[in-house]
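Number of protein chains: 2
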Amino acid sequence: MKTHWFNWLRIAAAALIAISWTAPGVAQEPLPSWNDTSPKKAIVAFVERVTKQGSPDFVPAAERIATFDNDGTLWAEQPIYFQLVFAFDRVKVLAPQHPEWVTMEPFASLLKGDLKGALAGGEPAIFQLVTVTHSGMTTDEFEKIVGDWIATARHPTTGRLYTEMVYQPMLELLAYLRANGFKTFVSGGGIDFIRVFAERVYGIPPEQIVGSSGKLKFELQDGRPLLMKLPELNFNDDKAGKPVAIQMHIGRHPIAAFGNSDGDLQMLEWARQGAGVRFALVVHHTDAEREWAYDRNSSVGRLDKGLDAAQAEGWTVVDMKNDWKTIFPFGSR
Amino acid sequence: MKTHWFNWLRIAAAALIAISWTAPGVAQEPLPSWNDTSPKKAIVAFVERVTKQGSPDFVPAAERIATFDNDGTLWAEQPIYFQLVFAFDRVKVLAPQHPEWVTMEPFASLLKGDLKGALAGGEPAIFQLVTVTHSGMTTDEFEKIVGDWIATARHPTTGRLYTEMVYQPMLELLAYLRANGFKTFVSGGGIDFIRVFAERVYGIPPEQIVGSSGKLKFELQDGRPLLMKLPELNFNDDKAGKPVAIQMHIGRHPIAAFGNSDGDLQMLEWARQGAGVRFALVVHHTDAEREWAYDRNSSVGRLDKGLDAAQAEGWTVVDMKNDWKTIFPFGSR
Numbered sequence: 001m002k003t004h005w006f007n008w009l010r011i012a013a014a015a016l017i018a019i020s021w022t023a024p025g026v027a028q029e030p031l032p033s034w035n036d037t038s039p040k041k042a043i044v045a046f047v048e049r050v051t052k053q054g055s056p057d058f059v060p061a062a063e064r065i066a067t068f069d070n071d072g073t074l075w076a077e078q079p080i081y082f083q084l085v086f087a088f089d090r091v092k093v094l095a096p097q098h099p100e101w102v103t104m105e106p107f108a109s110l111l112k113g114d115l116k117g118a119l120a121g122g123e124p125a126i127f128q129l130v131t132v133t134h135s136g137m138t139t140d141e142f143e144k145i146v147g148d149w150i151a152t153a154r155h156p157t158t159g160r161l162y163t164e165m166v167y168q169p170m171l172e173l174l175a176y177l178r179a180n181g182f183k184t185f186v187s188g189g190g191i192d193f194i195r196v197f198a199e200r201v202y203g204i205p206p207e208q209i210v211g212s213s214g215k216l217k218f219e220l221q222d223g224r225p226l227l228m229k230l231p232e233l234n235f236n237d238d239k240a241g242k243p244v245a246i247q248m249h250i251g252r253h254p255i256a257a258f259g260n261s262d263g264d265l266q267m268l269e270w271a272r273q274g275a276g277v278r279f280a281l282v283v284h285h286t287d288a289e290r291e292w293a294y295d296r297n298s299s300v301g302r303l304d305k306g307l308d309a310a311q312a313e314g315w316t317v318v319d320m321k322n323d324w325k326t327i328f329p330f331g332s333r
Numbered sequence: 001m002k003t004h005w006f007n008w009l010r011i012a013a014a015a016l017i018a019i020s021w022t023a024p025g026v027a028q029e030p031l032p033s034w035n036d037t038s039p040k041k042a043i044v045a046f047v048e049r050v051t052k053q054g055s056p057d058f059v060p061a062a063e064r065i066a067t068f069d070n071d072g073t074l075w076a077e078q079p080i081y082f083q084l085v086f087a088f089d090r091v092k093v094l095a096p097q098h099p100e101w102v103t104m105e106p107f108a109s110l111l112k113g114d115l116k117g118a119l120a121g122g123e124p125a126i127f128q129l130v131t132v133t134h135s136g137m138t139t140d141e142f143e144k145i146v147g148d149w150i151a152t153a154r155h156p157t158t159g160r161l162y163t164e165m166v167y168q169p170m171l172e173l174l175a176y177l178r179a180n181g182f183k184t185f186v187s188g189g190g191i192d193f194i195r196v197f198a199e200r201v202y203g204i205p206p207e208q209i210v211g212s213s214g215k216l217k218f219e220l221q222d223g224r225p226l227l228m229k230l231p232e233l234n235f236n237d238d239k240a241g242k243p244v245a246i247q248m249h250i251g252r253h254p255i256a257a258f259g260n261s262d263g264d265l266q267m268l269e270w271a272r273q274g275a276g277v278r279f280a281l282v283v284h285h286t287d288a289e290r291e292w293a294y295d296r297n298s299s300v301g302r303l304d305k306g307l308d309a310a311q312a313e314g315w316t317v318v319d320m321k322n323d324w325k326t327i328f329p330f331g332s333r
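Each protein sequence line maps, in turn, to chains X and C. Letter by letter, the first sequence follows residues 1 to 333 of the working numbering. Letter by letter, the second sequence follows residues 1 to 333 of the working numbering.
Treat the hints with care, as some may be off.
Which copy is meant is left open, so a pair is good if it fits within one copy or across any two.
As the list claims (entries may be wrong) - Calculated lysine-lysine pairs in the DSSO-like style (CA-CA distance at most 27 Å, straight line):
(1) LYS183 <-> LYS217
(2) LYS183 <-> LYS116
(3) LYS215 <-> LYS239
(4) LYS305 <-> LYS217
(5) LYS112 <-> LYS325
(6) LYS40 <-> LYS325
(7) LYS52 <-> LYS215
(8) LYS183 <-> LYS40
(9) LYS217 <-> LYS112
(10) LYS92 <-> LYS40
(11) LYS239 <-> LYS52
(12) LYS40 <-> LYS215
(13) LYS116 <-> LYS52
(14) LYS40 <-> LYS52
These are calculated hints, taken from the structure and not from any lab test.
All chains, please: the whole structure from these sequences, using the hints.
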């Protein structure tokens, strides 16, 4: 009898939750930092179509997978990707242990404060800077290093913590999707860098972060197991690597994807693939006043082919300046 | 007012669910297929310690990560790993397209029905058989092939579907852990093979399957994006690879791990690492009547170092014969 009573309570409780989440006019207006322009309308229309029981476009909750790029989509990326700033800061911290860096590029230029010189070596130079600062320690040690940095480092022009440089409308979008049964993932950036703050800042747990990674090695040190970060690339979660990483990690087609640069193009194409209603959105950085304005000619977060594809395929494009009431949780930069 | 009313309902509903799940003596007795021997007691004691609010051993739900090996831990693995049977069956299906296999080992022996001859080449031969049968198609095509096979193929001695050859006590354990806020993961076997049935059979969604994988390549065919499975190993989720795969995929230390062979040893060690209460369990195949009895000298699912480690470190060892009332959902083999 007791069991029946509690089963009944459980069913009743579940029903009440369902009612309170879906009752029209009751829930808070979604996406308050979005203007009532076409992107917001497109998002809400998409979510309503796939969540409406009995509709031909209905998607079961388990299949409501949404993937988000990080840099330039969930947080800012100017004047340079924040994870690179972390790498540069680490080079300075580690320099005393590496006297050879004084004459060795790209370290020498970086240590002299000549960022342009340091980056003159292009991608190989950047790869070298990232590799030396992201290896040679255990995964636990790296987590601690990133945690300390992210808690204190300040953005060069706004003076804000990097975790404050997130887009308020996108935080609302993440929450709105989750309230509608979606599972939200980040795909992009360094997996063990983003995991340090994503749960607290985006509400996305470590197991829902897909990203670039270095190789790891399991070792026993004095009988204690640990994972060493090796100076070797494991996977580059960018461009054609994004759908690969998403499939490996999630094993389902996303039905919605959100990006801002050419590096996200294949992820957006992949999300659009398959039967049923799909959603692809591009954040276009158009607000030089409140954030930054850049697209086809930017070396950071270039949006060129992606903009063409969005127009050709009818993807939703967010014009930051016109579509977002607020940019950052603290207002504008 | 309406909002308040619904918020109140939601809080009340959540409270009712919490009560109905935790009220002592009310919930169904957990793990009904487990005898009241030490493994069941150890599992229940562990779960109660980490879920008791205010206890020094309390672990927040988000950190209750449990990882399970698949072959020999969640389903049987005798007389040979089931995914290998799938590969062998596929070789037979594909043989007409590969006339060269008639004289080429290990295919020639396999096609003549000489399994021992086919496996004489050891791991390289097995790798070759797996590679040709797990590549050269899209991820969607592979999912369909596995789905068709798993729905119809029968175990050679029991005549049962492979998805019936799962351990009833482990299904109950998965459900019990999830009812206590754990997130359950599979780590082991081929990631895109296991994903096909894990949600239906284990209640574990694709994104919570960690496993071995081949490389994938993103392609556009007639403008349609797809992922091709390449004949190249991406990651071998076994032995020292298991903690690596778990860290890459989950990004948190598991607090509980479940295995049955030496291939799981490092995963079990990894789960035991770190502060707080941890749990490691080894399924020991001791029941020649109802299942199979094998350990230190078996070529399939060898448990040698793992058994020593379990004894030395005080891990929980399930003696299948004495600790499990039922083996398979349908009874015994």
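Verification of the hints:
| no. | hint | result |
| --- | --- | --- |
| 1 | LYS183 <-> LYS217 | between (30 Å within a copy, 25 Å between copies) |
| 2 | LYS183 <-> LYS116 | neither (40 Å within a copy, 46 Å between copies) |
| 3 | LYS215 <-> LYS239 | both (20 Å within a copy, 16 Å between copies) |
| 4 | LYS305 <-> LYS217 | between (38 Å within a copy, 20 Å between copies) |
| 5 | LYS112 <-> LYS325 | neither (40 Å within a copy, 71 Å between copies) |
| 6 | LYS40 <-> LYS325 | within (12 Å within a copy, 56 Å between copies) |
| 7 | LYS52 <-> LYS215 | neither (43 Å within a copy, 37 Å between copies) |
| 8 | LYS183 <-> LYS40 | within (19 Å within a copy, 33 Å between copies) |
| 9 | LYS217 <-> LYS112 | neither (34 Å within a copy, 41 Å between copies) |
| 10 | LYS92 <-> LYS40 | neither (43 Å within a copy, 53 Å between copies) |
| 11 | LYS239 <-> LYS52 | neither (33 Å within a copy, 45 Å between copies) |
| 12 | LYS40 <-> LYS215 | neither (40 Å within a copy, 38 Å between copies) |
| 13 | LYS116 <-> LYS52 | neither (52 Å within a copy, 55 Å between copies) |
| 14 | LYS40 <-> LYS52 | within (18 Å within a copy, 43 Å between copies) |
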